[in-house]
Amino acid sequence: MWASYRFLADIPFVAPIASKEAGQIDLLWWFLCAVSLVMTVLIFVGVIAFAFKYRKKPGVDPVPVHGSNVLEITWSVIPFLVMLVMFWWGADLFFDSQNPPKDAEEIFVVGKQWMWKVQHPDGTREMNALHVPLGKAVKLTMASEDVIHSFSMPAFRVRHDVVPGHYDALWFRPTKAGHYRIFCTEYCGDRHSQMIGFVDVLNQDDYNTWASGGSTGTLAEQGQQLFTQNGCSTCHLLAEQGRCPILKNVYNKPVELSDGRTVIADDAYLRESILEPNAKIVKGYDANVMPNFKGQLSEENVIQLIAYIKSLSPAAPAPTGTQPGAAPAPAVKKPKAVIKEAAVKLPQPQQ
Amino acid sequence: MATTYHPSTPEAAAEEPVNYLNVQYGWKSWLFTTDHKRIAMLYLWSITVMFIVGGAFAMLVRIHLTQPQGLFPPEIYNRLFTAHGVIMIFFFLIPSIPATLGNFLLPIQIGAKDLAFPRINLLSWYLYVVGALFAIYAVAAGGIDTGWTFYAPFSTTFSNSYVLTAATGAFIAGFSSITTGLNFIVTVHKMRAPGMTWMRMPLFIWAHYATGLIQILGTPVVAIALVLVAVERVMHVGIFDPNVGGDPILFQHIFWFYSHPAVYIMILPGMGVISEVIACFSRKRPFGYEFIAASSMGIAILGFLVWGHHMFVTGQSVYTGIVFSFLTFFVAVPSAVKVFNWTATMYKGSVTFESPMLYAFAFIGLFTIGGLTGLFLSTMATDVALHGTYFVVAHFHFVMVGGMVVAFLAGIHFYWPKISGRMYSEPWAKFAALMIFAGFNLTFLPQFVLGYLGMPRRYAAYPEEFQVLNVLSTAGATILGFSFLIPMIYLTYSWFFGPKAGNNPWQAKGLEWEIQSPPTTFNFDVTPTVTEEAYNYGPWEEKQIA
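Chains as they are written, first to last, in this note's numbering: chain X, 35 to 385; chain P, 23 to 568.
Bear in mind the hints are in silico, worked out from the structure with no lab data behind them.
No experiment lies behind these values; they were computed from the predicted model shown.
The reader is advised that the hints may include incorrect statements.
To be verified - Pairs of lysine-lysine residues, derived as DSSO-like cross-links and limited to a Cα-Cα distance of at most 27 angstroms, are as follows:
no. : chain 1 : residue 1 : chain 2 : residue 2
1   : X       : LYS90     : P       : LYS50
2   : X       : LYS87     : P       : LYS370
3   : X       : LYS87     : P       : LYS452
4   : X       : LYS136    : X       : LYS170
5   : P       : LYS370    : X       : LYS91
6   : X       : LYS90     : P       : LYS212
7   : X       : LYS287    : X       : LYS170
8   : X       : LYS136    : X       : LYS90
9   : X       : LYS54     : X       : LYS136
10  : X       : LYS90     : P       : LYS135
11  : X       : LYS91     : P       : LYS212
12  : P       : LYS370    : P       : LYS452
Next up, chain X with everything else stripped away, as it sits in the complex (with noise of 0.2 angstroms):
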């Protein structure tokens, strides 16, 4: 629509829109640009006609006004009222980007000074790259190794700082196939500008194709593989000595901890007992039995492991999933429009 205008065709004014999602966003900008033309509009025609009508002229003396306790009211109220929708169409839109439909994809990211490297649950890895099906929603759950970084990918206008520590997310389904950028948005040091990249939204015969590129084992016999080199397996699957909780039949279940507390094994429960096992207890079993593996495992190592106790639970409910009937824990209540929040804090620094 804006090629016409030969003169403009180097400036791209809008920016490319590869999702529902995005062209949702981009329409409450369009509503904020036209209160925001119209408000500039409305102060500038002010200034520019009061200062020419009640130009210093011979013989008329300024005539004085205290003010209106009318319109201040006026000019408060309104555009707050204006603002208030603002607020809301925002909010309500904002909810939704932070709540990943449940038959979203789930992708691997972790950032490190200064690149992105991208794990598929089949165990294709990528560089600075992101391979995508079109129409399905893609969830990504990010880590970073070092400082905070932040994924953007403007043509969906999504954005999630990916901070160390933390497992931060964000989602998108992509509808239109092409090829975008990827940006660090978050200063990470010298080639904080070169930590950039493309997403390539493929249709799904093409997305077979390249899916079908070799890789070593998928994500989970990547992890089977750390579990057993790591000694995992003997506590955790095998014991008899019921010195650990088995790893069979627990990713996204409620866990009663000894402190007395339920918590949900997720992904980002799992990371944390992982690196610092002593965090959260499951209730009957002893602190200090299992080693530290911070500084051990890396990331991508982590997520490895996570994709592996995932498999070890077939059919492994929803994240925010009602609980199964038999579990003895009460019930997590949540709101209805819930949001699961991707970050969690570390826990407290051990006693």
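Knowing the structure of chain X, use the given hints to seat chain P on it.
Coordinates of chain P only, in the frame set by chain X:
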């Protein structure tokens, strides 16, 4: 008065009555002065130097960005934008109006002979200078590459630059800001002349009172943040770095708890200046005086409740974010109220177009755009799209340069005759105002588009499709940079050769215009008694420049 002053040069005395400038000569008379006007001049010279240094870095940043790959290596570019940010924020914007015009005018406008604590006032300037020297040393020795925000754990663990030196500079300068705020608050409470009731105070005073509150309550918190950065960096105590048990988000909470209110430290005094200028050149009391005064206090208080809007995409809880988004829209109201009232002040006035008024017009326009684009960033869904892009850069500069720097120039032009006793070249002043307005818009309007297209801030290199807009921006910055030099030249000329201004060249109202230009050391021979409201303007009389 008991004390009689003997000017040290008899010739000067013959020409000119004794004033704060000619009462004593020699470097000691400046470096050991406790006169609020002389300290204001010390500040004016110091912040001008820092403005030139910070501006030079801005020019280098813009020149670098004319090429998609950049002209300098990224390590250098990162140091350039950090130096620009640290110097401009901590050493120009924060002290700009309060420490110069505020220092000069606040006691005079309320009928006092000095600030409540003249020695602490001098101390504040020395703290500023020491802080500035630390910052300049950090920049000269090898630079800082963290951005002015010092985000952890990059600043505490990963950066190999002069973080501690720069943080020490900002820390020390913070105390200069605290002492200035303290002095203002005590002076306003305790030293108003008889009859100068709260509701008779000029709006300039209200703005500085509100600013003082933020300086006292907010600045210690950023000092804590900087100390914690130092503790983690030097002693490796885990505070912010998760590898040693800290939380990076904690830093952002502490940092923005100050740094958001700090933008109101920067803009509120500017709003005070604009209220004075528009009233004078409309020959009217500002429309809705009480509402403008109250909105300054409202901004100061609400400004403390919105810091979380810098953190919508950091992993802060969604519900926390929603509360901060909501509160942020509240703080937009008092700012809007001010803009409407300034516009309405001209209604049925007698408007003239002297250069301070031109700057005030520019302020209203640019601040309006700066404020409205802030709404895009307080709306959560659009903030997700715009966070960390050039949209934020443009928004911030519209408020800080289009707002604050323009207001500073409005104030300098308005009060120059009082400060120096001389007039400047009005045609040159009008020319400079127009050039600054044009150059500013050409610099920063393209950056809104860049941000919407997704160009991240703090990028040493960028995709080629962004080049046209970047070159436009640099062209604007070149005009802007040279335009800022014009006032420095004609004001300096006027200081020595300008025609005498007389006591009240604008026929403005207020105690500052009833005393001699330049004022005597103690401002008033006899403490004045105030018998009328502020801004009791009548019709223009024929101008008389002595």
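Here's how the hints hold up against the structure:
no.: 1; hint: X:LYS90 / P:LYS50; in the structure: violated (47 angstroms)
no.: 2; hint: X:LYS87 / P:LYS370; in the structure: holds (8 angstroms)
no.: 3; hint: X:LYS87 / P:LYS452; in the structure: holds (21 angstroms)
no.: 4; hint: X:LYS136 / X:LYS170; in the structure: holds (11 angstroms)
no.: 5; hint: P:LYS370 / X:LYS91; in the structure: holds (11 angstroms)
no.: 6; hint: X:LYS90 / P:LYS212; in the structure: violated (39 angstroms)
no.: 7; hint: X:LYS287 / X:LYS170; in the structure: holds (25 angstroms)
no.: 8; hint: X:LYS136 / X:LYS90; in the structure: violated (68 angstroms)
no.: 9; hint: X:LYS54 / X:LYS136; in the structure: holds (17 angstroms)
no.: 10; hint: X:LYS90 / P:LYS135; in the structure: violated (36 angstroms)
no.: 11; hint: X:LYS91 / P:LYS212; in the structure: violated (42 angstroms)
no.: 12; hint: P:LYS370 / P:LYS452; in the structure: holds (24 angstroms)
When the structure is compared with the earlier hints, violations turn up for hints 1, 6, 8, 10, 11 and for no others.
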